[in-house]
Amino acid sequence: MIDSRGALEAVIRHAVELEDDYDDIAPTVSALATSGDITVVPQLVEALNRFLDEENFYGRDLIAGVLAGIDGVAALPVLLHASARDLGDDQDSLRAEIIELLHAHRAAGRRTVLECVTGDTPELRRVGLWALGFVAEAQDIELLTAASADSDSKVRSMAIGSLPDPATNDRAFEVLVTALGDVDEQVRVAAASSLSAATGRAEAVAPLAALADDQSVGVRTMAAYALGRIGSDAATPVLLRLLQDPDRHVRERSIEALGSIGGEAAVDTLLTLAADEDPDLRVQAAKALARAADSDPRVTLQLTALARDDEAAVRAATISGLASSGTRRSHFAQILIELTDDPAPMVRQRIAVVVRGLANDTARSILRRYANDADPSVRRLASTELDRFDVGRSES
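Okay, so the sequence shown: first residue is 937 according to the working numbering, each after it adds one.
It should be emphasised that the hints constitute simulated quantities derived from the structure, not laboratory data.
Take these hints with a grain of salt, some might be off.
So the derived label-pair ranges between C-beta atoms look like this [to be verified]:
1. Arg-1316 with Glu-991: 38 to 44 Å
2. His-1267 with Tyr-994: 49 to 55 Å
3. Arg-1324 with Glu-1247: 27 to 33 Å
4. Asp-1056 with Asn-1296: 54 to 60 Å
5. Asp-1214 with Glu-991: 30 to 36 Å
6. Glu-953 with Ser-1301: 40 to 46 Å
7. Val-981 with Asp-1183: 43 to 49 Å
8. Glu-991 with Asp-1101: 35 to 41 Å
9. Thr-970 with Asp-1323: 29 to 35 Å
All C-beta atoms in this analysis are idealised placements derived from N, C-alpha and C, irrespective of residue type, glycine included.
Hey, can you work out the whole structure from these sequences and the hints?
In C-alpha cells, the structure reads:
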C-alpha cells in the first residue's frame, strides 16, 4: 500500500522545487493516481488551486492527472474549471485528461459539460463549448446556435468549431454562413474553416467567395482553403482572382485549391505557373497539379517534366504532390522510381518517406539501398520506413 499523503507531498514538493527530473517522480505520480484513495481528493483540489494561483501549469498538470486517476469522472468539474484559467500554455496534458474522461464516461461527462456551456463567465463557456465537441448530440444545434451569437467573440468561435457536420446538417450550414460576416476576425476564420467540411455543397461558394476582399489575411487564406475542400468548379473564378492577392499565403493556398478543384480553367493556370521562371511558383504548381490528374490528361505529362526540373526543390515538390494526391497510378510510381538516384538529398529524403505509398512493389529494395545512402537523413528515414514494413507484416 502506498502512503498517499506522503506521496502527494512528494509530488507537490517536486512541482514547486523542480529540482529533479520528471522521471524521478513519475513512479510516485503513477502509484498515487492508481491508488484509489479518495481521502486525498480535498488535498488534491487544494493543491490544484494553489498551482493555478501560482500560474504553475506543470504542477497543475501533475495534480490534474492524479485527480483524474483517483476520482474519475467526478473530477471533471474541477478539471474544466482549471482549464478555464488561462496560464499561457497550450494545456495539452490537462485537456488530454479531460478528453479521456469524456470518452470513458460520456453521459455523466456530457451533463457536466452542458453546465459549463451555460456558465456565468465567458471563460467557462469557452471551455464547455470546446468539451462539448467531444460529446455533442444532434439536439445541441440550438444551444450551439445561441452560443454563436454570444457577446464574447471567443465563445462564438468555440461554438462555431463544435457545430455538427455542415455537409449534412442544414442548420449548422446556415449558422456557419451567417458567422462568415461576424465582426471578429477569428470567428470568420473559424466559420470558413468549418465550412471546408461542406464538401459538395456548391451553395457555400458564394458566401466564401465574398471573403476574397476581407481585410484579414487569415480570413482570405482560410476562404481559399475552404473553397478547395468544397471542390466546386464554381469557385475557380474567385481563386484565379486570389492568385493576385498581395499576401503569399493566400496565393499559395489558392494554387493548392485550384489543384483540388481541377478542370480545364484551373489546370490552364497551373500549367502556366509550372512553366514560370520563378522556381517557387513551379514548386507550388508541382504540389497542386497532381491533385488535378484525374480531371485533365495534360497533367501527367507536365508532372513528368516537373520531375526533371533543374531545381531540386521542384523535383521534391513533385514527389510530395504525387504522394498527397490520393491517386495511385503506375505512371506516378514510374516518376518516383526514375528519381531514386537523384543527386539532391532532399529529393531522396522525400522519396524515402513516400515510396511505400507510391511504389509499394519496389519500395523495400529502394529503402534497403537508401539504408546505405551517403546522406544521414536519408539513411535514418529509410531505416524508419523499413521498420514499418516489418510492423505491417507482423500485424497481418
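**Prompt:** Looking back at the numbered hints, which does the structure fail to meet, lowest number first?
**Reply:** 5 and 6
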